[in-house]
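First to last, the sequence lines map onto chains A and B.
Position 52 (the first sequence) corresponds to 51 in numbering that gives the first Met the number 0; numbering is contiguous.
Position 75 (the second sequence) corresponds to 74 in numbering that gives the first Met the number 0; numbering is contiguous.
Since the hints were made in silico from the structure, they are not lab data.
In this text, all values refer to a predicted model and were calculated from it rather than measured experimentally.
Do not take every clue at face value.
Copies of one chain are not kept apart here, so a pair can be met inside one copy or by any two copies together.
[Said to hold, decoys possible] Only pairs whose alpha carbons sit at most 25 Å apart, straight line, appear in this in silico SDA-like list of lysine to any residue:
#1 K16 - Q37
#2 K75 - R122
#3 K24 - Q52
#4 K48 - K113
#5 K1 - A29
#6 K48 - R124
#7 K113 - N141
Protein chains: 2
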Amino acid sequence: MKGPYYLEDFAVGQIFKTGRLRIDKEQIFAFAKQFDPQPYHLDEAAALKSPFQGLAASGWHTAALTMRLLVEGEFKPAGGILGIGFDALSWPRAVRPGDELHAQSEVLDVRPSKSRPDRGMIRVRTTTYNQNNETVQIFTGNLLVPRRSANT
Amino acid sequence: MKGPYYLEDFAVGQIFKTGRLRIDKEQIFAFAKQFDPQPYHLDEAAALKSPFQGLAASGWHTAALTMRLLVEGEFKPAGGILGIGFDALSWPRAVRPGDELHAQSEVLDVRPSKSRPDRGMIRVRTTTYNQNNETVQIFTGNLLVPRRSANT
């Protein structure tokens with residue numbers, strides 16, 4: 000399968016992979032300056048003394064980079080990756096300068112909408128890994144997906 | 000209170016406010032190009048035909064801007080705003096070009112760590128509003144906070 004995928008194409012247990020993106024110190028600083036200006040994301044000396052024990056990317060930077068990986072990866076719902084919300088988002092390990100991230104998404108649930116026959120929701124868990132395959136982020140969310148039968 | 004706040008300073012029901020940040024079309028495009036390159040965040044004509052029915056900011060952009068509002072707002076835990084993870088994140092309404100966002104955080108729970116006497120966790124719900132006080136994002140998360148008794 001190459002996508003785009005309609006609701007009818009999704010099934011529990013499917014796995015979708017992404018490419019890889021490297022994150023460097025300058026990117027960590029640039030994101031932090033704009034969105035999360037705290038010392039452990041902006042200042043290497045201050046970061047050493049923080050709970051991160053060294054410079055770390057903002058968790059929101061990891062989330063944003065994961066979105067980029069998803070958009071360019073195998074997971075291609077028709078109509079785009081349209082997240083309604085998440086009910087779990089965690090950062091079990093810090094992302095460091097030089098880390099290379101990739102992600103994997105697993106379909107946990109597929110259900111047609113009761114009120115709208117042209118769409119449905121899928122529940123997906125996306126795990127982001129660093130180059131050592133250590134988990135740096137997990138989120139589980141609900142996405143809106145069109146039904147093929149009503150849209151083609 | 001002006002902060003920084005230690006675990007002992009937090010109590011259930013406290014409310015912390017932020018300033019305001021305006022988001023314009025160029026910022027929506029710039030974030031989307033870098034992190035969420037999908038048509039409804041990048042192309043006004045395509046966005047009109049999408050479920051957003053017009054150009055909308057990436058949800059991750061709203062999350063990142065909310066973080067910026069928090070860092071510059073009244074909510075100042077000692078040691079920084081250190082999110083461990085979230086168990087609810089939703090975007091009930093799209094953020095549009097020209098919207099001016101502000102946020103409000105409410106403390107839902109305060110608990111000392113059982114294993115680490117120098118810290119604890121607080122549970123906080125942050126709601127982000129547009130200029131019409133319509134909710135554009137809600138997240139509920141757990142933050143690591145140092146205890147005053149062990150750190151001063």
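Outcome of the hint check:
| no. | hint | in the structure |
| --- | --- | --- |
| 1 | K16 - Q37 | between (32 Å within a copy, 18 Å between copies) |
| 2 | K75 - R122 | within (14 Å within a copy, 35 Å between copies) |
| 3 | K24 - Q52 | within (15 Å within a copy, 37 Å between copies) |
| 4 | K48 - K113 | between (52 Å within a copy, 23 Å between copies) |
| 5 | K1 - A29 | neither (35 Å within a copy, 28 Å between copies) |
| 6 | K48 - R124 | neither (33 Å within a copy, 28 Å between copies) |
| 7 | K113 - N141 | within (15 Å within a copy, 34 Å between copies) |
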